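This is what each chain is made of:
2 protein chains.
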Amino acid sequence: MPARRRARRGLAGPGARGAAGAWSLAIHGGAGEAREGPGAREADETRREVLHDVLAAGARALAGGASSLDVVEDAVRALEDSPLFNAGKGAVFNARGEHELEASIMDGRTLAAGAVANLRGIKNPVTLARWVMERTAHVYLEGEGALAFAREQGMPLVAPDYFWTEESWSELKRARLGARGARTGQPWSGTVGAVARDRDGDLAAATSTGGTTGKLPGRVGDSSVIGAGTYASNASCAVSCTGQGEYFIRAAAARDICALVEYAGLDARAAARAVIHKKLERLGGRGGAIVVDRAGAAACTFNTGAMARGVVTSARRARVALSAAERL
Amino acid sequence: MPARRRARRGLAGPGARGAAGAWSLAIHGGAGEAREGPGAREADETRREVLHDVLAAGARALAGGASSLDVVEDAVRALEDSPLFNAGKGAVFNARGEHELEASIMDGRTLAAGAVANLRGIKNPVTLARWVMERTAHVYLEGEGALAFAREQGMPLVAPDYFWTEESWSELKRARLGARGARTGQPWSGTVGAVARDRDGDLAAATSTGGTTGKLPGRVGDSSVIGAGTYASNASCAVSCTGQGEYFIRAAAARDICALVEYAGLDARAAARAVIHKKLERLGGRGGAIVVDRAGAAACTFNTGAMARGVVTSARRARVALSAAERL
Chain V
468 MPARRRARRG LAGPGARGAA GAWSLAIHGG AGEAREGPGA READETRREV
518 LHDVLAAGAR ALAGGASSLD VVEDAVRALE DSPLFNAGKG AVFNARGEHE
568 LEASIMDGRT LAAGAVANLR GIKNPVTLAR WVMERTAHVY LEGEGALAFA
618 REQGMPLVAP DYFWTEESWS ELKRARLGAR GARTGQPWSG TVGAVARDRD
668 GDLAAATSTG GTTGKLPGRV GDSSVIGAGT YASNASCAVS CTGQGEYFIR
718 AAAARDICAL VEYAGLDARA AARAVIHKKL ERLGGRGGAI VVDRAGAAAC
768 TFNTGAMARG VVTSARRARV ALSAAERL
Chain U
468 MPARRRARRG LAGPGARGAA GAWSLAIHGG AGEAREGPGA READETRREV
518 LHDVLAAGAR ALAGGASSLD VVEDAVRALE DSPLFNAGKG AVFNARGEHE
568 LEASIMDGRT LAAGAVANLR GIKNPVTLAR WVMERTAHVY LEGEGALAFA
618 REQGMPLVAP DYFWTEESWS ELKRARLGAR GARTGQPWSG TVGAVARDRD
668 GDLAAATSTG GTTGKLPGRV GDSSVIGAGT YASNASCAVS CTGQGEYFIR
718 AAAARDICAL VEYAGLDARA AARAVIHKKL ERLGGRGGAI VVDRAGAAAC
768 TFNTGAMARG VVTSARRARV ALSAAERL
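Going down the list, the sequences are from chains V and U. Count along the first sequence from 1, then add 467; that gives the number in the numbering used here. Count along the second sequence from 1, then add 467; that gives the number in the numbering used here.
A portion of the hints provided could be inaccurate.
If several chains are the same, the list does not tell them apart, and a pair holds so long as it fits within one copy or across any two.
[Claimed, not checked] Only pairs whose alpha carbons sit at most 25 Å apart, straight line, appear in this in silico SDA-like list of lysine to any residue: (1) K590 x E611; (2) K746 x A579; (3) K640 x P627; (4) K640 x G564.
Keep in mind the hints are simulated off the structure, nothing from the lab. These numbers were taken from a predicted model, which means no experiment stands behind them.
Could you build the full structure based on these sequences and the hints that come with them?
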């Protein structure tokens, strides 16, 4: 695609075929509706700062030759450690006032993948997902079994109060005034994710979440479902989704975006738009996706009013945006 | 496709476009290597009988106008109730000598889906998956949370010894002589599944399994992962997979078969062959898939020595096969 046309389509990246040694990183901190009320503006400013810091660290690593797999894991770890996103530290409460976290990671070069769900007491679920990928014969571990594996591998656990934040507790109180089960229309899904292309041209994706406020205990969303919330294949692209997980599972959204690139010849942005704006909307689902393709072109697409997102590439400095009105 | 060419390709069904009112049902009872040893022949004969009975019941229902969703649920329930397949009653033991079952179901008309994993004490996981789909705002429920939901909904539980069978116990003993974690090369995955097109042209798919013998507690395979072990969309086809679940998750196999039909213009059989014989084999994975497409054409594909399988359509009487040498 000529550079001018690429620019018009809003694709950020080093060129349609990807210059040798070019790299790209896109991250998200969830999609939803813009927040208002006391402290919202300050929280949004801090969110921007965190996203900028994560992009800066990722850019340094990718420029230095780090693998996309390492970079997406580190980016998601940093977002998990912030109380401002619904993953790790900032995970929301389920219907029983507990936290159950889930995450996944995928290596586009080998299609190796790791996923964990229904986790309690794990500070960085994305790292446990990577350990499942690299240290077991399995892809997907859940609940007590996942916890036992974490303990056996020497991962330090955190107490339940680690995950308590003023914001997630207020969310639960608001949710309890509403219906039981998954809440629709909550202001922010807050799931975090990262997708990257490294200098070798290898793709990787990772996603992590606390789920939805007031969810039934044991509910799993798309963030740990390979093919739904996360997918990466060097044959097409790397994808991380955020939003109402049930719809992303039903659409097999992440894999579907890759399939549209691989089989229907769409570029990454058009594929993401087709899935988020057509397929997902037809089902009534809300959310977004970030994509980096083989050439390193990055795109962020969402059908909500806002999505915390950021992109940096070897050709273009880091940019961060929250509302739909902002351009990346 | 002309009828002659279709027949040569081994497609069973009412025609490329599907006659109005035509229906199809395909079922499987797992893929693996042919069994030998004492009692193997008798067990295989009983397996054939069960498959024939399930096809006969499904054919009666479909001919009478039953929905594909009801028929795939009933078919999988019947296979779960047989001790001869690794699902429900015949579920294998995990590394701790326990049973953890998983299942999923999907409605191709609405893309509604339900899935359950890490279940204990549930006689028919596929029905609990359907209840998750129809009675909650969620798609995927697991572990204690899924069990609590089952209890709350009045589903009767069974004691752990319900799942004890001579064959699954022997399997565990053999597995314990080998390595920890997922065993490769086990003789039979035994997962069960069903895919159907009803007289209205609606597609549905369901899959259920006990997982792999000696798996780590908390391990989830592809059978409960929408897009991996199960997918159904009226836009393409209905798919149920069986085999080494980790590879099917990494390939997003069920959704990938649908995507090849939807975007690459392959017929259902060619799509299933591309995924099972090319993509899965490239990863080193073994197993198979059954597919019914929009037109009602049915295909069973596997890269193992055997797959318990059967097909019946409104145009052709029921046929059952086990080994690769047999034709359907």
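Comparing the hints with the structure gives:
Proximity of K590 and E611 under a CA criterion of 25 Å is satisfied in both settings, with 15 Å inside one chain copy and 22 Å between copies. For a Cα distance limit of 25 Å, the shortest separation of K746 from A579 across copies, 13 Å, qualifies, whereas the shortest one inside one copy, 27 Å, does not. In this assembly of identical chains, K640 and P627 lie within 25 Å of each other by CA distance solely inside one copy; the values are 18 Å within and 38 Å between copies. Proximity of K640 to G564 under the C-alpha cut-off of 25 Å is restricted to the intra-copy arrangement: shortest distance 10 Å within a copy versus 41 Å between copies.
In summary, this structure violates none of the numbered hints.
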